[in-house]
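Heads up: the protein sequence lines correspond to chains A and B, in order. Just so we're on the same page, the working numbering is the position in the first sequence counted from 1, plus 760. Just so we're on the same page, the working numbering is the position in the second sequence counted from 1, plus 309.
Keep in mind the hints are simulated off the structure, nothing from the lab. Just to be clear, a hint being listed does not mean it is correct.
Claimed, not checked - Cut-off 35 Å, straight-line C-alpha distance, at most; resulting in silico cross-link-like pairs (DSBU-like, lysine-lysine):
#1 A:K949 <-> B:K419
#2 A:K1089 <-> B:K363
#3 B:K367 <-> A:K932
#4 B:K363 <-> A:K957
#5 A:K803 <-> A:K930
#6 B:K363 <-> A:K1093
#7 A:K1293 <-> A:K1277
#8 A:K930 <-> A:K894
#9 A:K1051 <-> B:K463
#10 B:K363 <-> A:K1319
#11 A:K1096 <-> B:K363
#12 A:K1170 <-> A:K949
#13 B:K431 <-> A:K1059
#14 B:K391 <-> A:K966
#15 B:K463 <-> A:K894
#16 A:K1101 <-> A:K956
#17 A:K1075 <-> B:K363
#18 B:K403 <-> A:K938
#19 A:K1199 <-> A:K1280
#20 A:K904 <-> B:K391
#21 A:K957 <-> B:K463
#22 A:K1059 <-> A:K1319
#23 A:K904 <-> B:K373
#24 A:K932 <-> B:K373
#25 B:K403 <-> A:K1093
#26 A:K956 <-> B:K363
#27 A:K956 <-> B:K373
#28 A:K1124 <-> A:K1319
#29 A:K949 <-> B:K363
#30 A:K1130 <-> A:K1266
#31 B:K463 <-> A:K956
#32 A:K949 <-> B:K373
Model, not experiment: these values are computed from the prediction.
The chain contents come next:
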Amino acid sequence: MSVELTGAEITIRCLQEEGVQCIFGYPGGAVLFIYDELFKQDKVRHILVRHEQAAIHAADGYARSSNKVGVALVTSGPGVTNAVTGIATAYMDSIPMVVISGQVPTSAIGLDAFQEVDTVGITRPCVKHNFLVKDVTELALTIKKAFYIASTGRPGPVLVDIPKDVSQQKTKFVYPDKVSMRSYNPVIKGHARQIKKAAELILSAKRPMVYAGGGVILSDAAAQLTELTQMLNFPCTNTLMGLGGYPATDRQSLGMLGMHGTYEANMAMQYCDVLIAVGARFDDRVIGNPKHFFNENRKIIHIDIDPSSISKRVKVDVPIVGDVLDVLKDLIKLLKAEKEKPDQTALKEWWKQIELWRERDCLKFDRSSKIIKPQMVIEKLFNVTKGDAFITSDVGQHQMWAAQFYKFDKPRRWINSGGLGTMGFGMPAAMGVQLANPKGKVACITGEASIQMCIQELSTCKQYKLPLKIINLNNRYMGMVRQWQEFFHGNRYAESYMNALPDFVKLAESYGHVGMKIEKPEDVEDALKEAFKLKDQLVFMDFITDQTENVFPMVPGGKGLSEMILV
Amino acid sequence: MENEAGALSRVAGLFSARGYNIESLSVAPTEDPTLSRMTLVTVGSDEVVEQVTKQLNKLIEVVKIIDLNDGNHIERELMLVKVRAVGPDREEIKRLAEIFRGSIIDVTDKSFTIELTGTSSKLDAFLEAIERSAVLETVRTGASGIGRGEWILKV
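Build the full structure now, drawing on both the sequences and the hints.
See the structure below:
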């Protein structure tokens, strides 16, 4: 007779079976049995955050930087509602994640019990899938399905809601090796005929362009994207989510595109004749107004694992549904076997045009300023870390400068909330990154507004000795809001100032961290060097930056990609 | 789709979240009790209908989806309508029900309840034909559809 386990034991055993080493969470009434089981074992490490939103962001950062499934554990009611922002963040950026939430006992569901919310209902629109487990005999299979769904196809967060009585009930534990679902079978392999069509179109290109998004990072296809781009000598641009998918320091990289993309990337997008979109989704921040983007002389190849991303905002000519990695491998093989090459004279002309656009030097800023320019801080950070750090960011101007000025040569090094744009993401995400990469240099680029949205996590960092480097670009404004108000709302800075700021140095010190305040441009580099020398300590660097600096180029909302505001 | 709790709300939620229209929706378990079959009527351009289809397909519980407009199909809706029927109107309504191949399934001295099956536009036509003030109550199931001939939706 085999031993029966409780639902709580089964939950932890499932995590162990999945090879989960680290989870992030916060205990509460409905998950006490599960926490009790966590306590009795040492295979799964639990990181106690200070707010459930941070648990999800940390699991998210862990997943993004390691390509493992991030796992979080929260209690019912407010535990779940606090987690929703984090879950929606992960959903928008397609991050593989399993969230386990406690629920009131099944007998109390629907009776407005203490700490009861309709978790499955509240999270439904921002998860890839969710489950309410009403019977302990279904628990193990449900958790197996959750990991399977979260990590395959277009990844995403999956939530498993476990009522308290289910975590108490006993049953035999069998963890299935495999799971198959008749209603869920993502397409991995691209259609051979479509790939052939794509190859033909690529060979006919005179003004080609590669446009690569987060899908390249998610499917671990940076090497293949780089190989394809370099064997063809095509220009390549990356989206905010795709940075690191192609080495940014390479000559063929045109940098980021979109609302704050480079002049050369946006112009090349607009005027290319064959566009190869790889794991990207033509969203509003990337191509601006789709009517303006439309160009009948441009043919588009679109590789994506999610059929609903194809022809959603922009109609494409050669859709290829499949995993980016698989499709790129097939495409490279096909092109290598081909004797023909794209028209080299035309390609040379195209590069000449691109170099002219590049000469516009759209990312220039005043390097002789007596006030610290935020761009300069990022440049110095890039130099001091030799481009080898993991960089997380919050949301706003600092995020865009980080994306523009830190040249990511490797995937999974740039961790930011691209889709949802969640302020408060940066520091908790950095905690997850640091735990997934204990030896890595991890910096969080943030601003004085964003950082205060999850500032309580300085305490978590202290508890687990996470030596993050926090780069606070402090301009005493919600910079991006202020920029929009300056451009589009007649300089009326409604509620976008940051008054009554704490002394960040003292704040950091009160948590036992190191605080630095940097006010002069000539001190920036030395301060950064000093901070990174403190290998075991969190250093909070408060850079007092130029209040008036704006992010350029800028494509105003509703405008076309080539209608940029330039410096 | 899987005959599971919550599946219907995922479909309904998708339509409201993405701003699509639901004209009607009818759903019930099939001969295989683990599966439900849903017929959903929506309006939109070809592009919108394509997106609706793709988004529905992404729902984990949706097993298979077809656009019945891709081929010949039959569609039927059931309506129960209670009408005021007194005096000479009784004969007139009875005749009208016969013309529309409806049947009177409940009778009182003041009213008839008529059962009527057909395409949604036929049901609309019946309501048009009856004097508006005579209609006391209507209940409709929404359309159910099936492909013609050999065209079969099977998992």
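Going through the earlier hints one by one, which of them does the structure break, listed in rising order? The structure conflicts with hints 1, 9, 13, 14, 18, 20 and 25, although it agrees with all the remaining ones.
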